[in-house]
Each structure stands twice: as C-alpha cells, then as structure tokens.
Amino acid sequence: MSRECGLLLPRVCAALAGPRPPAAADTCLQKLLDWLGELSEAEPGLKLLQDNPCLAELLAAVLALPEPGAGLLSFALRLAGLLAASESAFQHLQQEQLLARLFGEAGPRAGAAWADAAVRGAWLDGARSMALHEPALRLLCAHGALDVIFTLQGDPSLFVASAARRLLVHTLSFSLEYEMPKAPGTRVCYWPPCAQVIVKHIEDSLQSSSVSHVKQSLKLLAGLFGSCHAPWTEVLWSGIAKQVQSFLTEESVQAPHLLADLLLNMSRSPVFCEPESSFWPLVTSALEHLTPVQAGPLAVGILRLHKCPQDVRIQAVTVLLQPMDCILRAASQPLEYSGLLDESVTDPATVESLLSSKSSCASLLCQTLGHLEELLSLSHLPVDLPGTSLLRSVMTILRFCNGLLIPTSPLGSKISQTLIGCFRVQRSALDVLAVLSEQKGCDVPVESLFDILLSYLESPNTNPMVLKKSFQATSKWLVCLPEMSCFSSQWQIKKILQDVFLVLQKRLCSPCWEVRDSSLEFLTVLINGLRDHDEFRQTLLSSEVPRLTEDLLGDPESYVRASAVTAAGHLILVTYVAPESPVTGNQYNKENTVAKLQEILSRDPEGFPRRAVINIFIKWLRKGYTSLLQDTEQFVSEVIQTAERDLDWEVRLGGLELVEVFFVQTFCRCGRPKCPYAPFSPEFTSSVCHNESLQVFCRAKLFGFLFRSLCDCDRPVGQKACDILLAIRSSFYPSNSLKDSQDPEEVGHGIAWLQRTLRQGSLAQTFPAGSSHEVDFQDPESMLLALGTIDLEELHDDLNKSSDHVEKSPQSLLQDILAAVGAAEDNEADCY
Amino acid sequence: MKLYCLSGHPTLPCNVLKFKSTTIMLDCGLDMTSTLNFLPLPLVQSPRLSKLPGWILKDGSTFLDKELKECSGHVFVDSVPEFCLPETELLDLSTVDVILISNYHCMMALPYITEYTGFTGTVYATEPTVQIGRLLMEELVNSIERVPKAQSASMWKNKEVQRLLPAPLKDAVEVSMWRKCYTMPEVNAALSKIQMVGYSQKIELFGAVQVTPLSSGYALGSSNWIIQSHYEKVSYVSGSSLLTTHPQPMDQASLKNSDVLILTGLTQIPTANPDGMVGEFCSNLAMTVRNGGNVLVPCYPSGVIYDLLECLYQYIDSAGLSNVPFYFISPVANSSLEFSQIFAEWLCHNKQTKVYLPEPPFPHAELIQTNKLKHYPSIHGDFSNDFKQPCVVFTGHPSLRFGDVVHFMELWGKSSLNTVIFTEPDFSYLDALAPYQPLAMKCVYCPIDTRLNFIQVSKLLKEVQPLHVVCPEQYTQPPPTQSHRTDLMIDCQPPPMSYRRAEVLTLPYKRRYEKIEITPELADSLVPLEIKPGISLATVSAVLHTKDNKHVLQLPPKPPQAAASKKRKRVSDDVPECRALRPLLSGSIPVEQFVQTLEKHGFSDVKVEDTAKGHIVLLQEAETLIQLEEDSTHIICDNDEPLRVKLRDLVLKFLQKF
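Sequence lines, in order, name chains A and B. Residue numbers for the first sequence, in the working numbering: 55 to 886. Residue numbers for the second sequence, in the working numbering: 17 to 674.
In short, the hints are calculated from the structure, not lab data. Virtual Cβ for every residue (Gly too), placed ideally from N, Cα, C. Errors might be hidden in some of the hints.
Simulated crosslink set (DSBU-like; lysine-lysine; CA at most 30 Å straight-line) [to be verified]:
hint	chain 1	residue 1	chain 2	residue 2
1	A	Lys522	B	Lys531
2	A	Lys412	B	Lys478
3	B	Lys175	B	Lys196
4	B	Lys531	A	Lys549
5	A	Lys650	B	Lys388
6	A	Lys522	A	Lys548
7	A	Lys548	B	Lys196
8	A	Lys468	B	Lys475
9	B	Lys209	B	Lys563
10	B	Lys272	A	Lys412
11	A	Lys522	B	Lys430
12	A	Lys412	B	Lys475
13	B	Lys531	B	Lys475
14	B	Lys34	B	Lys209
15	A	Lys468	B	Lys478
16	B	Lys175	A	Lys549
Just the calculated beta-carbon pair ranges, DEER-fashion [what the hints assert, rightly or not]:
hint	chain 1	residue 1	chain 2	residue 2	range
17	A	Met538	B	Ala269	53 to 59 Å
18	B	Asp402	A	Glu501	45 to 51 Å
19	A	Glu501	B	Pro495	43 to 49 Å
20	A	Gly608	B	Glu86	40 to 46 Å
21	A	Trp545	B	Asp402	45 to 51 Å
22	A	Trp545	B	Lys74	19 to 25 Å
23	B	Met200	A	Thr462	53 to 59 Å
Let the hints inform the model, and build the full structure from the sequences given.
Pasting the structure below:
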C-alpha cells in the first residue's frame, strides 16, 4: 500500500462509520473491497490489520451503530470475511469478538437490515471468504450458521439462494478435506459433525414431501458433484442413490431438469465415470423415463463425454435421433431409406404424441435440432451420428415447413399442419443442414438438397432471417460441391450455379435492405470459397450479378453499401484469378471499380462503407493482388491521405494496417523475411536496400501519416502507429546499434520539436501546420534521424496506459469516497 | 333464419338473409371470370386477333366458326364479354328490403339487381365504397363500350352445342345466366338507390333489426356488418384484413358474442404472404427495367395500387429507377388518385395524422408532382406524346380482356425483355394470358391479397367466439390443387356450416325471445307477489299492440257500459272481450300431509301408489282416484260432485293463490 493510501485509509474508514456516511455508490464500496482483497492476497492479512488498525475499528464501529445502512453493513460483512480469510487475522479480529458479533445470532441476522437481500448475500459471501480454516468453520457451526444457510437456500432472491448453496458445498467439502485429509471415512457417521449435519439435511430434504425442499437438495447435489470430484462423494452418493432413483420411476418425474443436471454433473466426475459404476444404469433409466424434451440436454452432455459406456451412449443417441426418426417415418419416405433407428430399440409413442401436438411439435424439433447442431459442430465427437439419414430427416423437416411434402400418414398430416411456415423450425433445420455439409462420407441426394435450398431462396414467403440461414447453408454446400465424389458431373454443378445466380439476381433487387445485404454477403462467401473453380467463375461472370453488385455500391442503405464494397472487392479477385475468362458482353471493369471504391472512401457519409473499402484494400495488398493496381506506391499514398482525414478511427486504423502491409511487402521485395522478428541476412542491411525502402516510404508520405497518428485522439490509432514505427525502426537500426537517446538540441531541425511534442504527452494536440518547427516528413534523412532519436518505447508505454489509469488508482478511489463525504456536508450547508 | 346463397364465388359473395321479418341482401358481387372465355377487345385493330381461325367441330361442321375462334390450342368466344350474374331464381328479389355492401369489389352486380328484378328497397354502403365502386363501374362500362362489337354470340350457349365444345367452354356453368355489361344510365340509377353510412352508425330496419357497418381493414371504406335484434346477433364478415395497409384497421371487438358469423372474402392466395409478394413485385420490376424492358401491371384503378405506388416510392431510389417513368392509365385514373387523398377519415391512423400536417396521406402525390408518375385516361391523346420506354404501366383490366392493357399486351408481348406482373388475385394468370400465346414476354405472378388468411381467421374466431360459423364450401376443405394442405381451411368448433351457389341454408340458430314493452299505466296496475325470495309474480291482463315490429302491452279497455245507450251493440274488432279473472295456483302437494288431512276428514282407507310421474292416492271406499303429478292434479270420481268439491278444497289448501 502506498504511503498516500495509508494516510487516506483511516480517514475513509472513519468517514464510512461516521455520523454522515458518504452517499457513495455501491460500486465505490465494491472497488474498495476489491482493492483491499488484492492487498490481503499480496501480504498476510494479519499484517494488513496491524498496519491499518482502522479496518478493525471500522468493523467495530459498524457493529456499534444502532441501525447501520444495508450498504454499509454488507460492506462490513464482506470486508470481515475477506480479512478473516487467514487464521492469524481471524484470531486477531476475534480478540474483540468482532466476527462472532458479525456472523453470530446477535449480529445482523437479528436486525432489521436482514430483510434486505443485499445483507443476506453479503453475510453468505463473508462467511464463504472466511471459511478457509477450521476456527472459522467452528465459529460458523457454533453460532447456528448452518441452519441459517439451509434456510437461505430457499431465499426469494436467487442470488442469495445460489450463494447459500455454494457455501454449503464449500463447507461440506472443506470440512471433509480439512479434517480428514487422507481418507474420509467410508461411512458418513465417521465424518466431521458439520459434514454430518449437512448430509443429514440433504437426505431429509430428499425424502421430504415438499417439492421445493427436494428441488433445493437436487440443486445442492448438482453443484456439489459438479465442483467436487473427491472420492468421498461416492460415499455421499451411496446414501442417496436409491432416493434419487425412486424419483425417476415415479409416474410424473419431479424436477426433471434438476435431475438431468445432477446426473450430467456426476457423469463428468472421475469418481463415477468408470464403466462398471452403478451410476450408469441410473443415467440409462433417466434417458428412458424423462420425456425427450427433458432428456435432451442430458443426452447431449453424455455424448460429449469421452469416457462413457457404449450402451449409455446409444441410449443418448436414441433420445436425440428419435424425433428425427419419427419425422422420416411420418413422411412415408420410400422404404429404401429406412428410419434412423431400429424399431426394436425405441418406443416412438411418446415422441409421436409430442410431434402430433401443435404446442410441443415445434419446440421439440427446435431443441433436438439445436442439440444436433451443437454435437455436429464438435471437432471430436466420440460417437458417430448417421450423417446421411440425418440429412434426409432435416431435408424432410424443411419440406414439411414449406408445404412441399405431401404426407400420407395421419401423423405426417398433423406435423405438416403445424410446421408449414414455422420460421423457428426452419431456422434450426437450416443451421443443422449447414453443419451437415462438413460431415464426410455422407451419401448426399444433392439434387433434391439443392431443390429444397433453392425453393427457400426463391420463395417470396421466406422470412428474411430464414433467407439468411438459407444463404448460409447454400454457400456451405456449394463450396464443398466440387469436392464431392458422388457428384462430379460438371453440367449439374453448372445448372445448380445458374439457378443460384438467378435467385441471387432477384434477391439483390429486393426492396428489403436486409435481403440485399445478406445476398451480398452470400456472394462474398461464394467467391471466397469457389474463386478457383472454373465453372463458378464462368457462371458468375456471365450472370447479371456483377453488374447488380456494382449498382449496389450506390445503395441508400449504408450496410448494403458496405457489403457491396466487400463483394465488389472480391469480384475483382475473380477476374484477377482468371483474366482470360471468356466472358462476353458483361466485362467487369476493374479500373472503374477501384475508382468507385476510392470515391466511397473519400465521400461516403457513413462509416461502414468506408471501413469496408479500407479492409478490401488491405486484403488486396496482403494477398498480393497488386497488379490490380497500376502503381501500388501511388495507390497506398492516395489511400492513406484520404484515410488520415477520416473522422472514423477504424478507418484511420485501417489506413495504418495498410501501411503496415505495404511496409512488410516493400522490405520483402528487398529480400527481407516476412516475419519482422526473423533474423535477417547481412545482405539485407545493405545501404542500397535501406535507401530504396526509405525513399519509397517518404515518397508515399507514410512517415507524416505515422507520426501524426501518434497524436491521434483515439488511442488504438496511436498504439498502432507506434507499433509500426517501432517495427520500421527495428529494420533500420538493428537492436544493438541504437544509441542512447540523443540530446534534443543536437538532433536535426524540427526533430527536436517533434520529440518534445511527443514527449510532452500532449498526444491529443495536432501538429500545427506551417509552424517554424515544421518537420519534413518526406526527407529520408530526417526520418531516419527521427526514428533513431525519438523514444518510441516510452511513447509505447504511455499509449498502452488506459486513459483512466489515474482515475482507476486506489488513491483516487479513496479520495472520491472522502469527496463524497465532503459533498454531503456541502449540500447540508446549502440547505441553510 | 334462412340464408339464400346466390353466388358460388367465395370472394364475390351475394347472399340473402331472412331474419325476423326482414330480407337483407349481403353484397352483390359480380363473377367476371366468365370473361376469360372471350377474345380480348383490342383498342387498336389487331391483325393477329382478327386473323384467328374459326373453330371447327371434329365432324367438320363450321356453324360455330363465326362465334368461336381458336388461338394456340384454346377456343374463345368472339363476342362482347359477358358476366356471370348471381342467382335470380332462388327467391323473388323484389322482396329484398335492403342491400348491404361491404366493399367496392362486392357491388359490381348492383345494377343487375336494382334495375332488373323489381327491387324497391335501399342500398347501404360507405361513401368511399360508393365513390370508388362508381369508378370501377365507370371503367368497366367505358372499357367495353368504347370497343363496340357488332357480333353477339349465343349459339354456343345452347346446351346441346356446349357439350361438344372443348374445355373450359364445355364446363362453363350457368351460361344462360351470363349477361352483357350494364350501361352508364343503369349504373347511375343503381347508385342513386344507395344511402351512405358511416362506421358504427346504427340503422334501424323496420324496427325489427338494426344494422351497423364496421371497419374491415381491407379497402377504403370497406365494412363488415352487424345485423342484430334485441336478442340475436348476426355478423357478416366479408373481405377483411389485419395487415397494416392504407385503410382504417379492422374492428374485431364489435364482432364478439355473435350467434351466427357469416364469413366470406378470405384471401384467394392463402400461400402467398403479401409482404413477400410486394418484394417479389419490386425485384422483378427492377430487373426488367434495368435490362431495358418495360413492365406491365394489369390492375384495378383502386386498392392495392395505392400500396404498390407507396412501396415503389420508397424503392425506386434504392433501385436506381428514378428516371424510369411510371404510367397509370385508366379512364378514372385521375379521380382514383385524387379520391384516395380526400377520404382521410377512412384511412389508417398514420395517414390520418398526415392530413393535419398538412400533407397528402399517400406519397403518390409527390410522385405525380415530380413527374415520376403520370396518369392518363387512355392510351390515346397525351399519352402517345409523352410515352417513353423503358417504363412501367399500370392499367386495367386484370382479366386482360378489355381496357388499355390489351393494347400493351399486343405491343410488348413479342419481346422477352418485357415483363407482365400480375398483382390482382381475381383471375388465373395462365387463363388470362391464353389468347396472347405464344408470348415471348416474361410473366410474373405476384398476387397481393391482403384479406384474412386461415391462420388469421382461426385467431379471429378464437377471439370473437361466435356460436355458429357459416362460410362458402371452398373454405371447409383444402384447395383442390393442394389437397394435403389441411392448414388451408377453416378449423373451428363446432365445424362451420358451408353453403354453395343456389343453396338455401336454415341457420342453426332458433329465436327464443322477443322484447315486449309495457306502458307505465299498466305497470302501475301490477301487483307483484313474492313467491320465492327474490322472485315475484304478477298476473297481467293487457292488450298486445304490435306496430312496426314493436310490441307494447297496454291497459285493457274498460268493460263496455251495459246498455247505457240505446244504440245497437257494436261489435268491436280491436277491443277483445275481457273475462273475469280466476286466481292462479302455485306450489306442490306433500303426499304424506295430504294423506293425513284426508284421514282427518274421515277418509280411512287411503292408499298411496307411486307412479313414474308422481303419486296416485286411492280412496277405495269412495272409488275415487287422486292423481298428483308435478304439473297436474286430477280428481277422478264417479258423478259425486260434492265429494269432488270437498277433495278439491282439500287439495287447494296446500296451494298458493294469486
């Protein structure tokens, strides 16, 4: 703790417990607690208390107040817990019975403030921070704290209830691990009394006829098994397993979600995961007895486990696949595609009844599809899901949803009636469809798949969000289309692409801007994925899409313009990759596009399109498509001059990134390795290369931009500029060759001024134009000198400090609290 | 309560409701799909149409070749187009008391009813309905009359001949009912019988029922109707919309507690969402114009066109179409655009508030001001001087059989750059295009029908909860082309009653009460007697006076003074003779106490038998039977009057008199 803080703290403590406690916001007190917490972690708690007796005095003073405010009392409880975390500090505080008075029966528990949830929460937090040693535990047990915590589990405030559960979990595990560190007894009766009380409470609540008690216990157990994986948990489980099992076999399962949570947490514990563990049959039973909606999350959790018996896994898969299987059967698919599941392993009656009910059908399907998407997105799924059948089932759902499917079974008719036009299910199904494109080895009915996707893309009834998802799914499938072994016919690909571009064309003319925007994004994704594919390029360039995209650069909606910029920027790449493309009548004019993009960068009134332009320019330069631009140096120079004037800091930052890429590439041309940290060969340092690069940078007016950016009013811009300058300097001055900072008076004209200006930290100041200190940013020698002279490291450190680093200091916090007291007094005086 | 169904078209209804003593016609829609069987009426001589070959029967007979022409495998009647009228034979239409019109599309048959059937009643409609209805009729008459056709075909209608014709002529129904278009004098005469009403205005019909128009949200001035008496309520829902377009929103709350709800005029394209269709319309329009093509939009001069113009107003700049001219050609174009701006009170809230700014409620005013939208009465005259391509033309008639649209079809049909976009849902676009085949022009079908769809209907019915729903039979089954779409039908409990053309439905609602008033003097004379706590009864002797379907109980006249005058006793017709009043009895007879009473009075051999309806008390010695039932008591004894009187008095002791 700094000296200043040490002086301020007693005044703050006195003020807090004084007659006019500051009306400081709770956040101030919380910050104070955070700071004191950091201090108590850094040095022993006892020392902190001894060095700052004001802390204990504060606690005593709060206790002495007749009716302390809820805020202050909460603060005191938390502070006491924090300080008493070490045993020595605990003893120190207990000399005056401070802790017993705060956490005992006569303390806040008996006062009016207890009605405030914040006080109850603080009491629990304080107790939790303190309960890290035996004396604290004894204190709590001795003062009937356990009963209070048991009661607080059912607190109306969810925060309090959850804190109470966490405290119980901690108390139980701590008492066992602290008091019986080696081998907690194999029977509960050998456990410490405190643990026994808690276990007894759990057992009693589980057997209670009150549903809320049962729920509380299940939540407590879920928390316990989730956070504690010690062997003694098995002993605890053996005492309650039967009771929990009985819940599952009841006619209507109580608290099914809590049961599923509990089992899931247990399944992740190494204590129970052995295949022969008696716990697994219970999971199987849960998967069987809970309804598919209730069992879904449990099944997903089980399938993510890497250690789990195969039969449980199969049961979990069954839960998730059953609705999909029912869909396939209800749609009366031709027999050659049998359902997903063998009829012998599943009783579809429950799922069928859920699917045939209007209220549950959509939610069951959405949940199942959500789970499947989650599982299919995992890189290492320990179980194989039947990709092809799932794909068929998802396609069936999508056909149900747009009314294309003519069901023949009664269940099919009911499902169809519910699903037609159901956006929720459409969205989820399209998500799964997109993920399925990544599944290898699917036997894909490509034509019907694209028929469905195109029907969604074409239909005017498709909701904009569903359309976006359809675009996403279509792009994913299209991108992997050329790789599919089962589908190599070029003309088929061409046909599909033609259809897609026809739809895209229409969508690009949509009056709804969201649709135009998603269409352009779709186009960009397609170009990124299929740029090298001949059929794709030909079909794209012979369609109306490029012309429409260019038209959309002038769209009234800025988001659309931004997407059009990105799409147009990518379209150029298509012509770049295949300039020889036999496109007739629809020549895409790249010079024209570049000019248009530059125009947008300098003129567009909105930030998004300008940001998009600068990003596209960076992409072009980074990917080395420099032949798009006749003169890269000239181009970069023009762009950064425009970007520098931009009011949007992201555009200015983009300009700096462009400079960075340009810098790396210029050096690369001189033979320097791309990575700025790689050791470079001695040839590189040859003065020829130096001079050449330096002159290029000066001609392109990069230095002026970089140095001025150091003073940018937005910190990220300054930081970036500094990083780039440091990188440039390291290229010109090998690390060992840098001399100590020169005396400013010795360095060249203007540089001294520049250095002073930068050093003064007046970074918000702009460079005065036409002053006598003008620096020639285009003079290579001056710039080399500036790089060597200016202490960029110091600047870098300054820039890295956040702008509120002064306000964030503990000293400032303490002053704020004191000022609040002062302000309160002033206000009082004003009243007279 | 009976419903006579005169039209089979679900969105162009014509029904007659007999309710209490009134006969009310609900709408009189004109089915114009019959015109699709006729050749188009070109404004300018069309060599193509005039050269079409006459149709020859399979056996080579050519007697129909003047009447029927063949075009691309279809056969058309070469005559003035004719319309299918509502049934006129099902009941005597001269007995119709009033006609209630729900919107301007549903009044197109009005001149046929008011001018040809002896109708003498009143027609009720809102002001915009009348004015825009007039415009539609004017346009129709004008389009047909300005292309006079010498020939009128009738031979093909002969039943024997019709059987030999190819489809769809062969299957055309009620061809004998098809009539030529009415004339302007008939239109004017029909419209003069209309009395204009405002929303929620209560109109008394002969004191028997009250009718009230409610906003239906579908078109300017469109209404649903409530027809109610004191104890019954019938709602007539026809062409309603819940979408936020230009008209005032639909009034749903007033439809609650209906005994019968007659539901017609739902969307004709339940699978097409209007928003999506507007998007489709704009996209196709933009694509065509960008490629240098022209766009033709066959439409009515009022209705969806206002919304389309509003949508285009917002869209044309974003689509780069600012320089493309939009033409609206109709003999009533100017009136339609101007009328829309003056009916502020009939518009949705947003548009109403604009009027107070003051700004025109519809943005098409600005389109006209900036010369982006131009309107002309016909293709002749100014239009031909201003005409620039590529352009967008809105013109009628959507059937493509008459009106300026015929000219544009002939003009633009040959180029694949042009597009015709169908937005009106009333006609099958393929049938409409049939006489123009082969056609190079692109065709896009974007039917925009803002009327209720089945999901909205099901929500509406849940909310309104009518006891019975009556609807056209088309709404009780999935559409014939999509028989699996069971979501496209009305789903309610109890299932709706359906009707078809020329059917008479007895509505399932029985009238049980009638309101009768009593005069204050009579009320004063009543002496109520409380027979149970809270229930008092009084006997009333009065004269029931009924006039104009209102019933009043009045004091009976004083008894005639006996022989006060020497004049001959006049037999009075309206004063009934008053008899002396006998007291009314009430209560029940407790059997055990009755037996005890009998015994007290000396009847010793009393025997009681239980029967299904009550008891029989037997006095064996006296050979007498007393039958006690819930609603009757009989004393049966053989000619022993004193005994009967004695027993009667014993029975009466147990009963209350008043």
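Exercise. For the pair supplied as a hint, Lys175 of chain B and Lys549 of chain A, is the alpha-carbon distance within the 30 Å limit?
Worked result: Not OK: Lys175 of chain B and Lys549 of chain A at ~51 Å, beyond 30 Å, violated.
For this session: Verify the proposed pairing of Lys531 of chain B with Lys475 of chain B, using a straight-line Cα cut of 30 Å.
Result: 34 Å, violated
Exercise. Do the Cβ positions of Met200 of chain B and Thr462 of chain A conform to the proposed distance bound of 53 to 59 Å?
Worked result: 56 Å, holds
Problem set entry | Hint consistency between Lys548 of chain A and Lys196 of chain B [alpha-carbon to alpha-carbon, up to 30 Å] | Violated, at roughly 54 Å.
For this session: For the pair we were handed, Lys522 of chain A and Lys531 of chain B, check the Cα-Cα distance against 30 Å.
Result: 62 Å, violated
For this session: Confirm or reject the claim that Glu501 of chain A and Pro495 of chain B have a C-beta distance inside 43 to 49 Å.
Result: Roughly 28 Å apart at Cβ, these two residues miss the hinted range, so it is violated.
Exercise. Do the alpha carbons of Lys522 of chain A and Lys430 of chain B lie within 30 Å of each other, as the hint requires?
Worked result: Violated - the C-alpha atoms of Lys430 of chain B and Lys522 of chain A are around 37 Å apart, more than 30 Å.
Exercise. Is it true that the CA of Lys650 of chain A sits at most 30 Å from the CA of Lys388 of chain B?
Worked result: 28 Å, holds
Exercise. Keeping to a limit of 30 Å between CA atoms, is the pair of Lys522 of chain A and Lys548 of chain A held or broken?
Worked result: 23 Å, holds
Exercise. Has the hinted range 45 to 51 Å been met by the Cβ atoms of Trp545 of chain A and Asp402 of chain B?
Worked result: Cβ of Trp545 of chain A to Cβ of Asp402 of chain B: about 48 Å, so the range 45 to 51 Å holds.
Exercise. Is the Cα-Cα distance between Lys209 of chain B and Lys563 of chain B 30 Å or less?
Worked result: Distance of about 26 Å is within 30 Å: holds.
Exercise. Straight-line Cα separation of Lys34 of chain B and Lys209 of chain B no greater than 30 Å?
Worked result: Given pair Lys34 of chain B, Lys209 of chain B holds - Cα atoms ~21 Å apart, limit 30 Å.
Checked against the numbered hints above, the structure violates hints 1, 4, 7, 11, 13, 16, 19, 20 and 22; every other hint is satisfied.
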